[in-house]
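Chemist: Please work from the sequences and hints to get the whole structure.
There are 2 protein chains.
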Amino acid sequence: MAISPLAPPAFPDLPVIDGVRFSSLAAGVRYAGRKDVMLVDLVPGSAVAGVFTRSATRSANVLDCQAKLGGDPFGPAAIIVNSGNSNAFTGKHGDGSVAAICAAVSRSLGVDQKRVFTSSTGVIGERLPHDRITAKVDELTASLSPTGIADAAQAIMTTDTFAKGAGVTVDVDGKPVKIAGIAKGSGMIAPDMATMLVYIFTDALIGQPRLQGIVSALNQETFNCITVDSDTSTSDTLLVGATGTSGVDVSESTAFVTGLHDVMLDLAHQVVRDGEGATKFVTVNVTGAADNDDARKVAMAIANSPLVKTAIAGEDPNWGRVVMAIGKSGAIADRDKICIRFGDILVAEDGWIAQSYTEEAGAAYMKQPELAITVEMGLGEGKSTVWTCDLTSRYIEINADYRS
Amino acid sequence: MAISPLAPPAFPDLPVIDGVRFSSLAAGVRYAGRKDVMLVDLVPGSAVAGVFTRSATRSANVLDCQAKLGGDPFGPAAIIVNSGNSNAFTGKHGDGSVAAICAAVSRSLGVDQKRVFTSSTGVIGERLPHDRITAKVDELTASLSPTGIADAAQAIMTTDTFAKGAGVTVDVDGKPVKIAGIAKGSGMIAPDMATMLVYIFTDALIGQPRLQGIVSALNQETFNCITVDSDTSTSDTLLVGATGTSGVDVSESTAFVTGLHDVMLDLAHQVVRDGEGATKFVTVNVTGAADNDDARKVAMAIANSPLVKTAIAGEDPNWGRVVMAIGKSGAIADRDKICIRFGDILVAEDGWIAQSYTEEAGAAYMKQPELAITVEMGLGEGKSTVWTCDLTSRYIEINADYRS
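Protein sequences appear in the order of chains A and B. Numbering of the first sequence is given in the numbering used here, commencing with residue 1 and proceeding in unit increments. Numbering of the second sequence is given in the numbering used here, commencing with residue 1001 and proceeding in unit increments.
These aren't lab readings, by the way, just hints derived from the structure by calculation. You may find that some hints are simply not true.
[Stated by the list, open to error] With a straight-line cut-off of 25 Å between C-alpha atoms, the simulated PhoX-like cross-links for lysine-lysine are:
| id | chain 1 | residue 1 | chain 2 | residue 2 |
| --- | --- | --- | --- | --- |
| 1 | A | Lys92 | B | Lys1337 |
| 2 | B | Lys1068 | B | Lys1114 |
| 3 | A | Lys383 | A | Lys337 |
| 4 | A | Lys175 | A | Lys114 |
| 5 | B | Lys1068 | B | Lys1092 |
| 6 | A | Lys337 | B | Lys1092 |
Modeler: Written out as structure tokens, the structure is:
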């Protein structure tokens, strides 16, 4: 599959996190000859926080992770992820597959089963051939390496056209703290939670409850603000592991929060940039709404509208469809106070097209690969920013025969 | 543009409604050489009921119609509709255009301006060249005819590939009552109101408040149960005119309600059959939900899911995406009680694929042009049925360059 035109030039050089090791290999879960399983282990004492899909039909893996997060935070931890099969809607078989994989990892790595976290991503509703994974666990354990993160990012891809990684080193009281993360996600991306798989690691020293609080809050302004197609995955998982190996306590550090935010937002944007069939990266800003909830309703209505997204694909400055989306959003709106901009171009104000606007200027703007649509509602202080991509025929092609 | 493969074989022979006349012509509102304006007049005493879009950015025409519906029900009435320009988001100019058109029709037909109803459909945000319409009003008046309804149905089309009409003659206490309607709609079709233009006429004798009550109730189970793309128009209008010329009082007639229901549902289905790019007509049935609201949430989540709709386009029996849509709907769901059928084929039960299901049977079923997806939630008595179409590359093509 061709790499998205919006992809970064290369996988980044990520900081190596002391206390975290990665391995990956091809287990043949669904397809032969491609890496499809990754294993991560974390040193004893690592704190693990997570955020998961709220889907009512979420996978056995997600349910298992949610149950484990509140448990004993001591001892080593492990994360094992497969692509090719999501183990979702597989009835009691799904629970059995998770248990079998956790048992194998526990045995091989000497990690308490309650500290083994699993994710599966891929086709829904087909029984996970977990024997193919458990048969490879010892091999995965034997090849664990602190520098295996780029290969691990490859192993968790499904319809992704590029592997996604982001990292920073932040300064906390004069001492460096490292953060590195990977993600997968391309379709079935919607606002209600981190609709994808994301694994972020840091050598920061921080308690699990505090880490969980930070991760949950940052999730609201990063992964929960992206949408590709308004569909919500049954498997979405974000896990953050903090090893404490830097010895730097970040509990009260704003630098750490900012660094983690930047890594999460970078990964979230990379998922949009790999939106199925995407050719445009679109930032939707809404300001002046009655409140933040209304602002988000308007931003999401624009970002999810098939008519807005197809117009963007066609490089058509069709601001009338933006008006339509504002109208259907459910937010309070006053037609004559709405102001719309494409980039810096004032398009509409006073309930009508702006006097200064020309179709030529709008059309020229739409040819850029990165676009910003800004709506000023003129009512209050509510604001919201979300990120999305266009809707192209390629999305249809990818999803009309994904399984075959 | 090629006619939808789901179109009926021909425009139906509609009953001629005594007291209603139609005319239509080409006024060059946007394109030259195609009929784009229709005029209807109704005899004195006709009751007019209506239902409109709830969009916060609805057009000047919709606001004007809404203000007039509660007014004096006596005297003749008129409806004038143009295609090519929606007169939506045109600021104060839009109100002026509506007033100018109403004044011209009032003068030409001798109808009180408060009984002139207007609709405009087409591009949003461009000033309506209403002079082109007012210049033709006398010509429209001169050519009014009781049999002009089929031509009128042509005049209101935009991206429609076929003209839409439906009619019945019902028996009320041994006497015939006629109902005939036309509609336009193809894209920007979503659940929140009759997202299109619909005009229905009957010679029934009925007071306006009673007619309004029946129309509003029937709208909930017809036009509000269809979705093409989840986008809500700024112009949607359903007007029903009852002339009383049959002399048959239908105030308490269930036959009349049933007949009107059938005409409304027929027109609603025709809009779905002309969904932009549609190749499949899909009925989504949900039963056994906790309540009717939950049932509708699930049905609409399935019907609006881009991933479900692209799978249908690809004739892929991808029931996992139906599970995904149930999960994201917000309705109460118990994975292990959900039962899914494609037509009569049991696909999933007990939280997993059905033992009897074969991919071959599912794939063969999906090749049909008319499909039914049924979900039994296993929780309560809530139920809902909605109708939709698939999402194809043709939808993208149509909407990526509709304006150019």
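Chemist: Each hint needs a verdict: does it hold in this structure or not?
Modeler: Results for each hint:
1. A:Lys92 with B:Lys1337: holds (12 Å)
2. B:Lys1068 with B:Lys1114: Between Lys1068 of chain B and Lys1114 of chain B the Cα gap is close to 6 Å, so the pair holds against 25 Å.
3. A:Lys383 with A:Lys337: Holds, at about 16 Å.
4. A:Lys175 with A:Lys114: violated (33 Å)
5. B:Lys1068 with B:Lys1092: This hinted pair holds, its Cα atoms lying about 18 Å apart.
6. A:Lys337 with B:Lys1092: holds (13 Å)
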